[in-house]
Amino acid sequence: MSQRNKEMSRTDWRTLSFEEKQKLYNKLSEEMSLHKRQLFLQKVRLRTRHFSLALEDMMKSQNASALMRTADAFGVHRVDVYDKSEKFRVSSGISKGAEKWIEADFHNTYNEGGKKEWAEKLKSTGRKLYVTTLSPTTKPLELIDPLIPATICFGNEQDGASQELIDSADELVYIPMHGFSESFNVSVSCGIVLHHLTLGAGQAGIMRGLLPEDEITTLIQWALRTVRDPQRFI
490 MSQRNKEMSR TDWRTLSFEE KQKLYNKLSE EMSLHKRQLF LQKVRLRTRH FSLALEDMMK
550 SQNASALMRT ADAFGVHRVD VYDKSEKFRV SSGISKGAEK WIEADFHNTY NEGGKKEWAE
610 KLKSTGRKLY VTTLSPTTKP LELIDPLIPA TICFGNEQDG ASQELIDSAD ELVYIPMHGF
670 SESFNVSVSC GIVLHHLTLG AGQAGIMRGL LPEDEITTLI QWALRTVRDP QRFI
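Using our numbering, the first residue of the sequence shown is number 490, and each one after it goes up by one.
There could be a bad hint or two in this list.
To be verified - Calculated lysine to any residue pairs in the SDA-like style (CA-CA distance at most 20 Å, straight line):
#: 1; residue 1: Lys573; residue 2: His685
#: 2; residue 1: Lys617; residue 2: Ile681
#: 3; residue 1: Lys628; residue 2: Ile655
#: 4; residue 1: Lys610; residue 2: Met666
#: 5; residue 1: Lys510; residue 2: Met521
#: 6; residue 1: Lys532; residue 2: Glu592
#: 7; residue 1: Lys516; residue 2: Leu688
#: 8; residue 1: Lys516; residue 2: Leu530
#: 9; residue 1: Lys510; residue 2: Gln710
#: 10; residue 1: Lys516; residue 2: Glu702
#: 11; residue 1: Lys573; residue 2: Ser657
#: 12; residue 1: Lys589; residue 2: Thr715
#: 13; residue 1: Lys532; residue 2: Asn552
#: 14; residue 1: Lys604; residue 2: Ile681
#: 15; residue 1: Lys516; residue 2: Gln720
#: 16; residue 1: Lys605; residue 2: Lys589
#: 17; residue 1: Lys510; residue 2: Ser657
#: 18; residue 1: Lys512; residue 2: Arg717
#: 19; residue 1: Lys589; residue 2: Asp656
#: 20; residue 1: Lys612; residue 2: Asp656
#: 21; residue 1: Lys628; residue 2: Gln652
#: 22; residue 1: Lys532; residue 2: Ile633
#: 23; residue 1: Lys605; residue 2: Lys617
Since the hints were made in silico from the structure, they are not lab data.
Construct the entire structure; sequences and hints are all you get.
The following block contains the structure:
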(Lines of atoms letter the chains of each structure in order from A and count residues from 1; the text may use other names and numbers.)
(Lines give C-alpha, C1' and ligand atoms only; values in the text may rest on other atoms or scores of the structure.)
Protein backbone atom coordinates (compact mmCIF):
# COMPACT_ATOMS: atom_id res chain seq x y z
CA MET A 1 0.00 0.00 0.00
CA SER A 2 1.40 3.44 -0.94
CA GLN A 3 2.08 6.16 1.62
CA ARG A 4 -0.87 8.15 0.25
CA ASN A 5 -3.28 5.23 0.57
CA LYS A 6 -2.04 4.51 4.06
CA GLU A 7 -2.89 8.06 5.03
CA MET A 8 -6.35 7.76 3.49
CA SER A 9 -7.02 4.64 5.57
CA ARG A 10 -6.20 6.51 8.75
CA THR A 11 -8.59 9.42 8.52
CA ASP A 12 -11.51 8.30 10.70
CA TRP A 13 -9.75 8.88 14.01
CA ARG A 14 -9.11 12.50 13.08
CA THR A 15 -12.77 13.31 13.78
CA LEU A 16 -12.40 12.30 17.44
CA SER A 17 -12.58 14.91 20.18
CA PHE A 18 -9.39 16.06 21.87
CA GLU A 19 -10.10 13.88 24.92
CA GLU A 20 -10.80 10.85 22.73
CA LYS A 21 -7.54 11.41 20.87
CA GLN A 22 -5.70 11.49 24.18
CA LYS A 23 -7.23 8.14 25.12
CA LEU A 24 -6.29 6.70 21.73
CA TYR A 25 -2.71 7.85 22.10
CA ASN A 26 -2.54 6.39 25.60
CA LYS A 27 -3.55 3.01 24.16
CA LEU A 28 -0.99 3.30 21.40
CA SER A 29 1.66 4.30 23.94
CA GLU A 30 1.24 0.98 25.70
CA GLU A 31 2.65 -0.67 22.57
CA MET A 32 5.80 1.48 22.57
CA SER A 33 8.90 1.49 24.73
CA LEU A 34 9.47 4.19 27.34
CA HIS A 35 12.36 5.48 25.23
CA LYS A 36 10.13 5.82 22.16
CA ARG A 37 7.41 7.64 24.12
CA GLN A 38 9.91 10.06 25.60
CA LEU A 39 11.51 10.61 22.20
CA PHE A 40 8.15 11.40 20.61
CA LEU A 41 7.34 13.97 23.31
CA GLN A 42 10.76 15.56 22.96
CA LYS A 43 10.59 15.83 19.17
CA VAL A 44 6.96 16.96 18.88
CA ARG A 45 7.78 19.93 21.11
CA LEU A 46 10.55 20.93 18.72
CA ARG A 47 8.30 20.96 15.63
CA THR A 48 7.41 24.22 13.94
CA ARG A 49 4.74 25.44 11.56
CA HIS A 50 6.27 28.91 11.48
CA PHE A 51 7.98 27.75 8.30
CA SER A 52 6.95 25.10 5.79
CA LEU A 53 8.57 23.67 2.69
CA ALA A 54 7.13 23.38 -0.83
CA LEU A 55 8.60 21.31 -3.67
CA GLU A 56 7.57 22.00 -7.26
CA ASP A 57 7.89 19.29 -9.93
CA MET A 58 11.10 17.72 -8.67
CA MET A 59 12.67 15.67 -11.46
CA LYS A 60 14.30 13.16 -9.15
CA SER A 61 12.56 11.49 -6.24
CA GLN A 62 15.96 11.23 -4.54
CA ASN A 63 16.19 15.01 -4.34
CA ALA A 64 12.65 15.43 -3.02
CA SER A 65 13.31 12.68 -0.49
CA ALA A 66 16.50 14.43 0.62
CA LEU A 67 14.58 17.68 1.09
CA MET A 68 12.00 15.89 3.23
CA ARG A 69 14.84 14.59 5.37
CA THR A 70 16.24 18.12 5.65
CA ALA A 71 12.85 19.52 6.67
CA ASP A 72 12.50 16.90 9.39
CA ALA A 73 16.04 17.57 10.63
CA PHE A 74 15.18 21.23 11.17
CA GLY A 75 11.81 20.41 12.76
CA VAL A 76 9.84 21.87 9.84
CA HIS A 77 6.63 19.89 10.08
CA ARG A 78 4.86 20.60 6.79
CA VAL A 79 6.03 19.73 3.28
CA ASP A 80 3.83 20.40 0.24
CA VAL A 81 4.61 18.62 -3.01
CA TYR A 82 3.42 19.61 -6.49
CA ASP A 83 3.83 16.46 -8.57
CA LYS A 84 2.19 16.88 -11.96
CA SER A 85 3.36 13.47 -13.13
CA GLU A 86 1.78 11.76 -10.10
CA LYS A 87 4.84 9.49 -10.14
CA PHE A 88 6.59 10.74 -7.02
CA ARG A 89 7.81 7.98 -4.74
CA VAL A 90 9.73 8.55 -1.55
CA SER A 91 13.19 7.01 -1.68
CA SER A 92 13.45 5.70 1.87
CA GLY A 93 17.17 5.04 1.45
CA ILE A 94 17.66 8.77 0.93
CA SER A 95 14.96 10.13 3.25
CA LYS A 96 16.03 7.79 6.08
CA GLY A 97 12.36 7.44 7.00
CA ALA A 98 11.75 11.19 7.39
CA GLU A 99 8.44 10.85 5.54
CA LYS A 100 7.04 9.08 8.63
CA TRP A 101 7.57 12.12 10.83
CA ILE A 102 6.59 15.05 8.62
CA GLU A 103 3.17 16.12 7.34
CA ALA A 104 3.36 15.75 3.56
CA ASP A 105 0.62 16.93 1.21
CA PHE A 106 0.59 16.00 -2.48
CA HIS A 107 -1.27 18.42 -4.73
CA ASN A 108 -3.65 16.59 -7.05
CA THR A 109 -3.63 18.45 -10.36
CA TYR A 110 -6.78 16.68 -11.57
CA ASN A 111 -8.99 17.75 -8.68
CA GLU A 112 -7.23 20.81 -7.30
CA GLY A 113 -6.07 22.74 -10.35
CA GLY A 114 -2.66 23.80 -11.59
CA LYS A 115 0.28 25.66 -10.16
CA LYS A 116 -1.54 28.95 -9.69
CA GLU A 117 -4.18 27.18 -7.58
CA TRP A 118 -1.42 25.40 -5.66
CA ALA A 119 0.29 28.71 -4.90
CA GLU A 120 -3.01 30.13 -3.67
CA LYS A 121 -3.49 27.10 -1.43
CA LEU A 122 -0.02 27.57 0.03
CA LYS A 123 -0.70 31.24 0.74
CA SER A 124 -4.11 30.51 2.28
CA THR A 125 -2.31 29.19 5.38
CA GLY A 126 -1.36 32.76 6.27
CA ARG A 127 2.32 32.20 5.52
CA LYS A 128 4.17 34.32 2.99
CA LEU A 129 5.33 32.48 -0.12
CA TYR A 130 9.07 32.74 -0.71
CA VAL A 131 10.30 31.25 -3.98
CA THR A 132 14.01 30.53 -4.39
CA THR A 133 15.75 31.67 -7.56
CA LEU A 134 19.25 31.92 -9.01
CA SER A 135 18.91 35.60 -9.85
CA PRO A 136 21.14 37.98 -7.85
CA THR A 137 18.66 40.77 -8.60
CA THR A 138 16.21 39.25 -6.10
CA LYS A 139 16.40 39.49 -2.31
CA PRO A 140 19.43 37.84 -0.67
CA LEU A 141 18.64 35.29 2.00
CA GLU A 142 20.23 37.31 4.81
CA LEU A 143 17.67 40.09 4.29
CA ILE A 144 14.67 37.79 4.78
CA ASP A 145 12.94 38.46 8.12
CA PRO A 146 12.71 35.17 10.08
CA LEU A 147 9.92 36.58 12.24
CA ILE A 148 7.50 36.33 9.31
CA PRO A 149 5.81 32.90 8.88
CA ALA A 150 6.70 31.63 5.43
CA THR A 151 6.54 28.75 2.98
CA ILE A 152 9.82 28.31 1.15
CA CYS A 153 9.39 26.88 -2.35
CA PHE A 154 12.10 25.10 -4.31
CA GLY A 155 11.49 24.61 -8.00
CA ASN A 156 12.52 22.02 -10.54
CA GLU A 157 16.23 21.08 -10.34
CA GLN A 158 16.81 21.90 -14.02
CA ASP A 159 14.59 24.88 -14.74
CA GLY A 160 13.94 26.31 -11.30
CA ALA A 161 10.58 27.65 -10.19
CA SER A 162 7.82 28.02 -12.77
CA GLN A 163 6.58 31.42 -13.89
CA GLU A 164 3.28 30.75 -12.10
CA LEU A 165 5.10 30.35 -8.79
CA ILE A 166 7.33 33.34 -9.43
CA ASP A 167 4.30 35.52 -10.24
CA SER A 168 2.54 34.34 -7.06
CA ALA A 169 5.52 34.81 -4.75
CA ASP A 170 5.51 37.39 -1.98
CA GLU A 171 9.28 37.42 -2.22
CA LEU A 172 11.92 35.97 -4.55
CA VAL A 173 14.99 34.80 -2.65
CA TYR A 174 18.49 33.80 -3.63
CA ILE A 175 21.56 32.53 -1.77
CA PRO A 176 24.60 34.72 -2.51
CA MET A 177 27.58 32.81 -3.91
CA HIS A 178 31.15 34.03 -4.21
CA GLY A 179 32.88 31.41 -6.34
CA PHE A 180 32.69 30.30 -9.95
CA SER A 181 29.82 27.89 -9.32
CA GLU A 182 26.45 29.33 -10.27
CA SER A 183 24.24 27.15 -8.11
CA PHE A 184 24.08 24.80 -5.14
CA ASN A 185 22.62 21.32 -5.17
CA VAL A 186 18.94 21.74 -4.26
CA SER A 187 19.38 19.77 -1.03
CA VAL A 188 22.30 21.98 0.00
CA SER A 189 20.24 25.09 -0.82
CA CYS A 190 17.37 23.81 1.30
CA GLY A 191 19.70 23.17 4.24
CA ILE A 192 21.20 26.65 4.01
CA VAL A 193 17.80 28.36 3.83
CA LEU A 194 16.17 26.37 6.63
CA HIS A 195 19.20 26.73 8.90
CA HIS A 196 19.27 30.49 8.38
CA LEU A 197 15.54 30.97 8.94
CA THR A 198 15.00 28.57 11.85
CA LEU A 199 18.11 29.85 13.64
CA GLY A 200 17.03 33.44 13.14
CA ALA A 201 13.49 32.70 14.33
CA GLY A 202 14.81 31.01 17.46
CA GLN A 203 17.17 33.87 18.25
CA ALA A 204 14.27 36.30 17.80
CA GLY A 205 12.17 34.41 20.34
CA ILE A 206 9.85 32.40 18.09
CA MET A 207 9.00 29.34 20.17
CA ARG A 208 8.85 25.87 18.70
CA GLY A 209 5.99 23.49 19.36
CA LEU A 210 2.48 22.78 18.09
CA LEU A 211 -0.94 23.70 19.46
CA PRO A 212 -2.40 21.01 21.77
CA GLU A 213 -4.82 19.58 19.17
CA ASP A 214 -2.09 19.55 16.54
CA GLU A 215 0.37 17.96 18.95
CA ILE A 216 -1.85 15.04 19.96
CA THR A 217 -2.80 14.46 16.30
CA THR A 218 0.88 14.34 15.36
CA LEU A 219 1.70 11.95 18.21
CA ILE A 220 -1.06 9.60 17.05
CA GLN A 221 0.22 9.74 13.46
CA TRP A 222 3.72 8.87 14.62
CA ALA A 223 2.47 6.07 16.83
CA LEU A 224 0.34 4.57 14.05
CA ARG A 225 3.43 4.48 11.85
CA THR A 226 5.39 2.76 14.61
CA VAL A 227 3.25 0.11 16.33
CA ARG A 228 2.50 -3.28 14.88
CA ASP A 229 -0.89 -3.77 13.26
CA PRO A 230 -2.12 -0.18 13.84
CA GLN A 231 -5.54 -0.99 12.38
CA ARG A 232 -6.36 -2.65 15.71
CA PHE A 233 -6.65 0.77 17.26
CA ILE A 234 -8.62 2.61 14.61
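Hint check against the structure, violated hint numbers in rising order: 1, 4, 7, 13, 14, 16, 17, 19, 22
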